[in-house]
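Asker: Construct the entire structure; sequences and hints are all you get.
First to last, the sequence lines map onto chains A and B. Its first residue numbered 833, the first sequence is counted upward by one per residue in the numbering used here. Its first residue numbered -18, the second sequence is counted upward by one per residue in the numbering used here.
Don't read these hints as lab results, they were simulated from the structure. Any given hint could be a false lead.
Quick partial rundown of chain B residues pointing at chain A, CB under 8 Å, derived from the structure [to be verified]:
1. Val92
2. Leu107
3. Gly128
4. Ser135
5. Leu146
Taking CB as the label site, the calculated pair distances span [as the list claims (entries may be wrong)]:
6. A:Arg937 <-> B:Glu77: 30 to 36 Å
7. A:Pro1075 <-> B:Phe210: 22 to 28 Å
8. B:Ser172 <-> A:Gly1005: 29 to 35 Å
9. A:Ala1071 <-> B:Glu77: 42 to 48 Å
10. B:Gly200 <-> A:Val908: 51 to 57 Å
11. B:Glu77 <-> A:Thr903: 14 to 20 Å
Quick reminder that beta carbons are idealized off the backbone N, C-alpha and C, glycines included.
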Amino acid sequence: MGQHALIVGASSGIGAALAREMAFEGYDVGLIARRTDRLAEVAERVRARGGVAAYRAADVNDPEQLQAAITALEEVLGPVEVLIANAGIGENTDAANLDLAHVRRVLRTNLEGVVLAIGAVLPAMTRRGHGRIAAVSSIAGMRPIPQIAAYGASKAGVSAFLEGLRADLRGTGVTVTDLCPGYVRTDMLKVEGALPPFTMEADDTARRMVRALLAGRDSLVFPWPLALASRLAALLPDALLGPVLRRLAPKPPPALPG
Amino acid sequence: MPGHVIITGASVGIGAALARSLASAGYSVGLIARRQALLEALASDLTRGGAKAAWAVADVADEASMRAAFESLEAELGPCEVMIANAGVLAFQRPESFDPQVAVNILRVNVEGAITAAAVALPGMLARRRGQLVVISSAAALRGLPGSYAYSASKSAVSSFFRSLAFDLADKGVAVTVVQPGFVATDMTASNTFPMPGTWQASELADVIVARVQRGGGGVLTTPWFMSFALGLSRLIPAFLFDRAARWYFRLGEKS
Ligand SMILES: NC(=O)c1ccc[n+]([C@@H]2O[C@H](COP(=O)([O-])OP(=O)(O)OC[C@H]3O[C@@H](n4cnc5c(N)ncnc54)[C@H](OP(=O)(O)O)[C@@H]3O)[C@@H](O)[C@H]2O)c1
Ligand SMILES: NC(=O)c1ccc[n+]([C@@H]2O[C@H](COP(=O)([O-])OP(=O)(O)OC[C@H]3O[C@@H](n4cnc5c(N)ncnc54)[C@H](OP(=O)(O)O)[C@@H]3O)[C@@H](O)[C@H]2O)c1
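Answerer: Below is the structure:
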């Protein structure tokens, strides 16, 4: 029997691809998300290729539900050896009509959800002295940009949390990997027409993420052109970058002449 | 004429120092925190000194109590021209005994609480096309640190949120200032066992922030300036070395 790789947010997009990839690497995959029917499909695809998969429905906003789902999966698949906290939602922030329900939804799913999932496996992993923790953050967390205040904040928070946690775990046998992709073609990218620059496919993205986290790397920021651009942009002061970013960001249609 | 400034987390520490500094600069100050006795004492102290001050009890993590507090302060002191989201909490955690609820509480107060303060004040400011948001984040936003990773996450998130908001509000008359202090001598840091280089007094920090508010606000303010420099340079050190050194440093003086 393989070791237990738990993927939170496994019902679609990158998470579903991560499940297939981890199963391909010989892990028994535990799958968590809210949509049971989609989880069943992902599990079925894993089993069809000879893999082992189990799933439980849970909302990462609900600590008890999440803990119960993880406990139930550990009973079936054994203690979690690899955790990939991937659940996340993408919503734009309308600063002129700041909606606290929206802010809470994004922060509680993308940041608290990651903290809760890690919290559910961390003490046991530390005691065992081995394990791998990874979370899917985003390139969008590396530098504040307009229109996505809550999403960017949630991802900046995830990356900082992982960085500090990694400092505490360095040398203990438990590794912490920060996965920061650029654009990936999933349901989250609600675009019609042209895709954003350097858009990647979920399968390819998942393959690279799995390679990085199984190697115990600190982080994976990709694709490299976007990684380079956001690293450089992070060094520039807001006052300098503001006018440029505002010009690049989508605007409401221009007013009629006259 | 200086207007009405509301400060969350005004019962002690940096928030109380901000209230004193703003009052002596002529602003009316609205004080918010959970400990009523401390707010009352501070408000009457400021009033005795000739300033206009009022207080309201609220938990920044509770939207309803924040809305009520905001309304009562505006009723008493007029429209809020500057909102200073200062309330915050810190806790050190170890991986082997990590309690996610402690981390979640830090995020609720430091991130959601600060955003709630901004959200209750923004509609009025946008309608008047005039106002300032000031958030007290921390130099801990600049790098995830061992032991205090939930705190670092909260401050990274809150700095990122308000810096992003600053772009969106730039042409709407609302300036956003993000303050990232290094070590400040307050209750929060009183039980730290490790050395805290470049520690500031709360009153020193408050004066610098008030000067920024008086100039109209805006921008990222990291104090002392070498904090951002040092934490930036720390990224040139290989992480495996930095991490071990940082872990050793933050456990200095700890009895285990
Ligand atoms: N697509 C991109 O361009 C891109 C770029 C950078 C980073 N990311 C990050 O990648 C991760 C995966 O996103 P994706 O692009 O694959 O989008 P997606 O297809 O929408 O997948 C999101 C996954 O998270 C789960 N999820 C969302 N809210 C949840 C909740 N409250 N409780 C439990 N599970 C929840 C969803 O499952 P249910 O709906 O069934 O619960 C789903 O499995 C996210 O963290 C996202 O921020 C995406
Ligand atoms: N001290 C430092 O070295 C340092 C460095 C960088 C940044 N900061 C930041 O500066 C801010 C002020 O910290 P400080 O050093 O002055 O700490 P402090 O002396 O502990 O004061 C914290 C203040 O926040 C209030 N508060 C805490 N939780 C609250 C809640 N849920 N609702 C309402 N008010 C709440 C407290 O009032 P009640 O308990 O009465 O509610 C108190 O007035 C914090 O955001 C902190 O993270 C401090």
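Asker: All hints are to be evaluated individually against the structure, with a verdict given for each.
Answerer: Status of each hint after checking the structure:
no.	hint	in the structure
1	Val92	holds, 6 Å
2	Leu107	holds, 6 Å
3	Gly128	holds, 7 Å
4	Ser135	holds, 7 Å
5	Leu146	holds, 5 Å
6	A:Arg937 <-> B:Glu77: 30 to 36 Å	holds, 32 Å
7	A:Pro1075 <-> B:Phe210: 22 to 28 Å	holds, 25 Å
8	B:Ser172 <-> A:Gly1005: 29 to 35 Å	holds, 31 Å
9	A:Ala1071 <-> B:Glu77: 42 to 48 Å	holds, 43 Å
10	B:Gly200 <-> A:Val908: 51 to 57 Å	holds, 53 Å
11	B:Glu77 <-> A:Thr903: 14 to 20 Å	holds, 19 Å
The structure agrees with every numbered hint stated previously.
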